[in-house]
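Novice: Protein chains in written order, with the numbering used here: chain A, 1 to 244; chain B, 1001 to 1244.
If you're looking for bench data, these hints aren't it; they were derived computationally from the structure. If you're wondering where the values come from, they're calculated on a predicted model, not measured in any experiment. Ideal Cβ positions, reconstructed from N, Cα and C, are used throughout, including at glycine. There could be a bad hint or two in this list.
What the hints assert, rightly or not - Listed next, with one range per pair, are the computed distances between beta-carbon atoms:
| no. | chain 1 | residue 1 | chain 2 | residue 2 | range |
| --- | --- | --- | --- | --- | --- |
| 1 | B | ASP1084 | A | GLN129 | 31 to 41 Å |
| 2 | B | GLU1133 | A | ASP49 | 33 to 43 Å |
| 3 | A | ARG59 | B | ARG1048 | 34 to 44 Å |
| 4 | B | ASP1218 | A | THR219 | 30 to 40 Å |
| 5 | A | VAL52 | B | GLU1133 | 39 to 49 Å |
| 6 | B | VAL1168 | A | LEU111 | 17 to 27 Å |
| 7 | A | GLU242 | B | ARG1181 | 21 to 31 Å |
| 8 | B | LEU1111 | A | SER55 | 38 to 48 Å |
| 9 | B | ASP1088 | A | ASP81 | 41 to 51 Å |
| 10 | A | ASP84 | B | GLN1020 | 56 to 66 Å |
| 11 | A | GLY157 | B | GLU1031 | 32 to 42 Å |
| 12 | A | VAL52 | B | THR1108 | 45 to 55 Å |
| 13 | A | ASP49 | B | TYR1128 | 37 to 47 Å |
| 14 | A | GLY185 | B | ASP1218 | 11 to 21 Å |
Number of protein chains: 2
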Amino acid sequence: MTIADSKAKPPTPRERARSQMVADIVRLGREHLARHGAAALSLRAVARDVGVVSSAVYRYVESRDELLTLLLIDGYNELGDHVDAAVDAIPETDYAGRFKALGLAVRTWALREPASYALLFGSPVPGYQAPGERTTVPGTRVILRLVGILDAAYRSGALAPQHGPAVVIPPGLAADMEAVRAELGLAADDEFLARGVLVWTSLFGAVSFEVFGQYGADTFVAREELFEHHLSVLQGLAGLCEGH
Amino acid sequence: MTIADSKAKPPTPRERARSQMVADIVRLGREHLARHGAAALSLRAVARDVGVVSSAVYRYVESRDELLTLLLIDGYNELGDHVDAAVDAIPETDYAGRFKALGLAVRTWALREPASYALLFGSPVPGYQAPGERTTVPGTRVILRLVGILDAAYRSGALAPQHGPAVVIPPGLAADMEAVRAELGLAADDEFLARGVLVWTSLFGAVSFEVFGQYGADTFVAREELFEHHLSVLQGLAGLCEGH
DNA sequence: CAACAAAGGAGAGCACTGCTCTTGACTTTC
DNA sequence: GAAAGTCAAGAGCAGTGCTCTCCTTTGTTG
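From just these sequences and the hints, can you work out the full model?
Specialist: In structure tokens:
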């Protein structure tokens, strides 16, 4: 931090070695995370893999929680990159297509990196509190992207009026929605916003069920078809029509 | 097992003491779980609280994983009882009312017992595999109850035809649905079944987001209103109309 | 009632964890 | 070349799951 802005010098060999070391620790930490899960993440084991004695890693990483934070940010950004790439591959005005691409990208990444997904969206690690000032920005990339797609669709008039019976928005909820709308500069009305929140939670609920094995071992064979069906229904729930 | 069916004698003092001890261990284990989380559940700490040396608890509980299994079953049954009580308080033919009661009961219990909820529905504990033969029955109580409500509504003709654009059910998914229908003796067609699965995952997705703190700390103030709104939308998604 | 077997508690011990502190060697800078 | 900064290594502390042995308590049986 202070080193970077005090002098714009090229990094000294020592600094390069240091950041290389931190990168190695994060990389091997990710491997351990993938193999043994977050709760079993052991700094000592990582140290052994790095080829250094356990106490030495404390020169680079303050604590086990610090390593968790690094892995958390790493995971959020990887998921964010993955989602961004998938969404950007779809034309900007194909809102339904972008929505589906986002959902499929989340699922694909989650199934490929179940341990990282569990760290990001599973039960909180006991005794660990993520430092908000470092994790909120990467941690909100996906939801902001989703909100962006839905609000752009709303502005363009591509959001169909909702089907089904009208659902009242009570005043407290309306106030929350107003705050969200103001903070993110959105146009969509309360009804669409509230449904957007439901679509958001439902998307991650479906992915979590699959990744965390809440479906029985062999209840659903065609899981991809099931998920795509869910995405289609959620798309309708959000108000997005095919072809718009 | 063998004791119980070989002789129907009343339990000896020793047996009573034993089951009392196991009950104490589970009870204090639950407290530790609630305070420190699943990954930090320590047999030694529980032993201290029980007032016995650490090695002694292994006379009653085979291992830490065994204790986790006991807590898992305990949690499933408590959630199941809670949900059953809430649903049973609503007239049998008020399908929409029963659905909402089920959803609210899940949320209430989850917020009251976040650690237990995390154990049941959060990221799997690394290295721990729940023994299916002991956990599937209590673990499926809520979903079976939900399926029961929806299928009863379907049979009675109370399920409205779906709104929105028709969504195709691909053959693989149809086969899964047929298997589920056969195994549970259901009447509902593929479309309703698939939507029922989505309602199921969405319900727990919404609860998990709240319990696991995925919403920001202060994004939503009126969380109960938000959840009830979600329930209303999900109710419509399932096909349940108000008043039926 | 006494002898015997089963059950349970206590303690030591092993291998592991996160983390701290000190020691000694190395590198950079003045 | 000396001073300052950096870092690896090792010992050590308190905690963990779990096993083993020893010894007392309990219940059953001859």
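Novice: Next step is simple, just say for each hint if it's right about the structure.
Specialist: Results of checking the hints against the structure:
1. B:ASP1084 - A:GLN129: 31 to 41 Å: holds (35 Å)
2. B:GLU1133 - A:ASP49: 33 to 43 Å: Given range 33 to 43 Å: holds, Cβ gap about 37 Å.
3. A:ARG59 - B:ARG1048: 34 to 44 Å: This hint holds: roughly 35 Å between Cβ atoms.
4. B:ASP1218 - A:THR219: 30 to 40 Å: For ASP1218 of chain B and THR219 of chain A the Cβ distance comes to about 38 Å; the hint holds.
5. A:VAL52 - B:GLU1133: 39 to 49 Å: Roughly 45 Å apart at Cβ, these two residues keep to the hinted range, so it holds.
6. B:VAL1168 - A:LEU111: 17 to 27 Å: With Cβ atoms ~23 Å apart, the hint holds.
7. A:GLU242 - B:ARG1181: 21 to 31 Å: Given range 21 to 31 Å: holds, Cβ gap about 28 Å.
8. B:LEU1111 - A:SER55: 38 to 48 Å: holds (42 Å)
9. B:ASP1088 - A:ASP81: 41 to 51 Å: This hint holds: roughly 49 Å between Cβ atoms.
10. A:ASP84 - B:GLN1020: 56 to 66 Å: Given a distance of about 58 Å, which is inside 56 to 66 Å, the answer is holds.
11. A:GLY157 - B:GLU1031: 32 to 42 Å: violated (55 Å)
12. A:VAL52 - B:THR1108: 45 to 55 Å: holds (49 Å)
13. A:ASP49 - B:TYR1128: 37 to 47 Å: For TYR1128 of chain B against ASP49 of chain A, whose Cβ atoms are near 23 Å apart, the range 37 to 47 Å is violated.
14. A:GLY185 - B:ASP1218: 11 to 21 Å: 19 Å Cβ-Cβ, so the 11 to 21 Å window holds.
Hint violations for this structure: numbers 11, 13, all remaining hints satisfied.
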